[in-house]
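Chain residues, written in single-letter form:
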Amino acid sequence: MGIFRSAQPPPADESGTAGQNELAAMAIERSGPALSVMRSQLADVVEQTADATVQVMQAARRADEDAEALAHLVTRVAERSEENAHRVVAAATSNASRVHDLVEIVTARDNAILELVGAVRQLDGYVAAISGIARATTVLALNAKIEASRAGDAGAGFSVVADEVRQLSHQSADAAQNISSGITRIVTMLEQHAGNGDPARGSAAITAQLHTIADAQNEVANLLGQTAETTREALTELNSSVGDLSERITAIVSQAQFQDITRQTVEHVTTAMDHLDVRLAVVVDHLRGKADETVLADAATALDEMYSTYASARQRDVHATTLTGYEHNEDTAPSIELF
Amino acid sequence: MKTVLLVDDSPTMLMSIETVLSKAGMSVVTAKDGQEALDKIAAGTKPDLVISDLNMPRMDGVTFVKEVRARGLRFVPILMLTTESNQAKRDEAKRAGATGWLVKPVDAAALLGVVKQVLPGA
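So the protein lines, in turn, are chains A and B. With numbering that gives the first Met the number 0 applied, the first sequence has no gaps in its numbers, which climb one by one up to 338 at the end. With numbering that gives the first Met the number 0 applied, the second sequence has no gaps in its numbers, which climb one by one up to 121 at the end.
Since the hints were derived computationally from the structure, they do not count as laboratory data. Quick caveat, the model's predicted, so the values are computed rather than measured. From the three backbone atoms N, C-alpha and C, an ideal C-beta is built for every residue, glycine too. Any given hint could be a false lead.
Claimed, not checked - Simulated DEER-style distance windows between Cβ atoms: (1) 115/B to 85/A: 32 to 42 Å; (2) 56/B to 280/A: 50 to 60 Å; (3) 33/A to 71/B: 46 to 56 Å; (4) 41/A to 86/B: 26 to 36 Å.
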């Protein structure tokens, strides 16, 4: 209500054409604030769409930057993953070589132990020979004792020597037996270290464990290599997606030009409304007898003036189509032209 | 990296076209009218390409083209990017020394196509 109801009607005693003209003039004047409000609304719409468009573009640019940052991050992860895979493969290869060396060392040690066992067993043969000699010496001492007895008093001294020889031969036999037992223990221990040919024991078991460790490390290297390959494929896919996204964002942002076109069109409409305001003031003056009829003729040119302010063919087409009632399509030069 | 001087009184146009060009690997310097663009040139900006609107406050696009040419930048391509489709205006810009005429809206691919045509290596 408010502003549209503020103007007062003409006095009751006024009548006839003058009174009607005043009523018409007042009605036209009352439309002035409405036009102002419309202009303000249009200006506000332009401002709001401009703000919204800038925000949309800023959001699109941030999304684009985030996508590029993500792609860079994945690239770094893929590079690191590939680098790690290469390192692990190199370490696994190096360890396999070391395992091979260790297996050779262990095998060489086994062979050395077996040679040692052979050598020790040979010693056992010598001990057997000593034992034989001891037994023969005992027999010899016994025979000497018998002969000494036959010799009577003359053989008494010799009998004592024969007893000493017999004791020495017994001690030799005992020593030989101890050496033989010791050799047997040493051989047993050495054979145990060599695993007695059992794959589950001794150095064979160590070798098998080393091979298991090397195989496990190769498996880890292969898995890491596969992970690096998968990451590389994902990166390729992601880069492609980021490229597509970037193109779409560019296309979206380029569409923001429509806001500028809309702004210009609205500005032209607002300018036309300003012109209309001036024309209506002239009409009001005429109705109140302050201007002659010639000023009304000028109003007819208002549309032509409005038409002349249009920048785009589309604006001119809409104008002409609205006035004539049938569709206009202006012949235009190409939208892109290099001189 | 090629430098493009972009002149338009519309912030949305500046942001839109700047985004398209910078994503294509170009360095973009913006100005909101012809006078500001001339000031930037005087301050040391050496554009490889100028893209300018036609209808702007303080200094319109055609005057701006004449001023750029008068300042010795005779071989820098200047593209007019405008909603104006009036042939007389187009001829006027051509006589002033503009290199080409693009009617808004122009999509990103078409714009970059023209830019690469007038600015080999961009």
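Hint-by-hint comparison with the structure:
1. A C-beta distance of roughly 40 Å is found between residue 115/B and residue 85/A, which places it inside the suggested range of 32 to 42 Å.
2. In this structure the hint that residue 56/B and residue 280/A lie 50 to 60 Å apart at CB is violated, the actual value being about 27 Å.
3. A hinted range of 46 to 56 Å holds for the C-beta pair residue 33/A and residue 71/B, which are about 54 Å apart.
4. Hint check: residue 41/A to residue 86/B, Cβ distance near 29 Å, so the stated range 26 to 36 Å holds.
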